[in-house]
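J.: Each chain, letter by letter, is given below.
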Amino acid sequence: MSKLKQGKDRPTIGQVMDEAGVGRRQFMKYCAGMTALMAMPPMATTAFARQLRAARLPSVIYMPFQECTGCLESLTRSFAPSLENLIFDTVSLDYNHTLQAAAGVAAEEARYQAMEENFGEYILIVDGAISTNDNGIHGMSDGHTFLEQLYEAAEGAAAIVAVGVCAAYGGVAAAKPNPTGAVGVADLIKDKPIINVPGCPPIPEVMTGTLVSFLASGVPDLDRHLRPKAFFGNTIHDRCYRRRFYDRGLFAKSFDDEGARNGWCLYELGCRGPTTYNACATIKWNGGAGWPIESGHGCIGCSEPGFWDQGGFYEPVTAKLFSERGQSVAAAAAGVAVGAAAGLAAKSRKKKLAGETE
Amino acid sequence: MTLLEFARGPMLHFALLVFVFGVIWRLVSVALLGFRKHYSEERNSNDKALMVGTATCGLRSWPHKEFIGRTAFGEAVGYGYHIGLFTIVLLGAPHVIFWQNLFGFSAPWWPTLPGGLITVVSVLTVVLMLIATIRRAMHPPLRQISNFDDYFTLAILYAIMLSGLWAVLGGPGRYEFILAAHIISFNLLLIWFPFGKLMHAFYIFPARFVNGYLHAKKGAAT
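For the protein sequence lines, the chains are A and B, in the order given.
Sequential numbering from 0 applies to the first sequence in numbering that gives the first Met the number 0.
Sequential numbering from 0 applies to the second sequence in numbering that gives the first Met the number 0.
Read the hints as simulated data drawn from the structure, not as lab findings.
This list has only true hints and no planted wrong ones.
Computed spacing ranges between beta-carbons, pair by pair: (1) A:A345 x B:N45: 22 to 30 Å; (2) A:R238 x B:L129: 28 to 36 Å; (3) B:L31 x A:G354: 12 to 20 Å; (4) A:R238 x B:D148: 39 to 47 Å; (5) B:L168 x A:D222: 19 to 27 Å; (6) B:M0 x A:E72: 29 to 37 Å; (7) A:A345 x B:C56: 20 to 28 Å; (8) B:P140 x A:A344: 27 to 35 Å; (9) A:L98 x B:L116: 48 to 56 Å; (10) A:R243 x B:G172: 20 to 28 Å.
All residues carry an ideal CB built from backbone N, CA and C; glycine is no exception.
Just chain A, same shape as in the assembly (with noise of 0.2 Å):
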């Protein structure tokens, strides 16, 4: 854990730029990669790397829910030391009981003091869902249920960045039929800035590039699942290199057949393409070696909300979400004894009239 340091004392990113001996060359070419991504004009580049050097490096408190780590290890395990990770690297992460080295009470009084100092100024990241049933006590630590602790840390926090489906929405903890009553942070925090950076993990890239575009000029435009559009503007089918095939009718039918070795579309295998926003088609998976769809495997829509409860990864898009076949016959059976009954009454009555006009 870096030395505490308040508000103004704090070095800017580009005091530790200098330090680490980051080139003016290699900052601009990411500033310039940032502001591409977030779609902003060419002409933003400079205005958006004078913010970003500015900035003062925050007091960061990474809170663990129900969580697996996943988001933890996609963020940690990014591919070659990037600049992104640099920033990451040099926010004072004031707590993270996963990374630091202190454990126990040690590790709480770090997070307490760090808030304290800190107060109103420091950026929260959650991770993981949050129990609400039974007053939360499904998830606990240190005695506190992570509802009293969310409820804690959000009263100080500039802003809160929920990392990972869980913390956004609930993800698998939410799953039907949602024994803990898990929720994510935006159905518990109403009354501060919220950022939601979903996916089973999200991507590295994605969640160090939304810090850094909250460090440069605050909150991003976000969607209304609080997703910034700059990352989640987009369909994975829209960005997709398969969609031509999708467009010309080319579907792999299995997992094994010649259109899956063809690399045709994999919407009639289940792909959530068309319904998921995220930006795996664009930057991609372990230094855009690859993403899941160039993989051969469908996307599974990790960054839409309730995407555990959407039906089979397997079942296409269009698919119906029902199976119970046999109401459809109880329907047709009801028809056959309504349709007998006005039939038969019709002819009836049609017999009765014959018999008066003879």
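Got chain A; can you put chain B on it based on the hints?
T.: Showing chain B alone in chain A's frame:
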């Protein structure tokens, strides 16, 4: 539950049940009506009448040569958008997947057409539907026999077609909303289907057959 989940979950489920119930109701009730007693001497054998009835199903599908000048345009437009609708519904890839999943079978042999072609067919179908709607509103006899049923059905069809095109062409708005709108309009069509003139899809050939059969029995030309 999101709008899309609702559209393709409970609402689709409900719409299908209404559709199955309503169609069977209408078919059974009409089938049980029976025929009016006819008093004339039988001019043709039952076998001949059956043949004529069958032939009538096809003969009625083509404009009568005496009226071809007046009806050919309307029939061509009608054929055009019906063929368009069937092509989109039966050969559009997302629809084929939907049917296969709905009926619970896998049919790798079921062909699909390229998305671009389906889009072109869809645009042409909408244009033909527009012509048919305008003609319905302008043509005096057609206007006289048209009522809420016709225009409501057309409105639902427009909603389905336009939301489908919107989704495919990536118009403004989020894809899941557009897809939900597309499925909801289809659900409305399913619910409305048994209670309006859309039932012609089920009645058309039995009605023609019965018509031809009865006329043959009476010795009338069909």
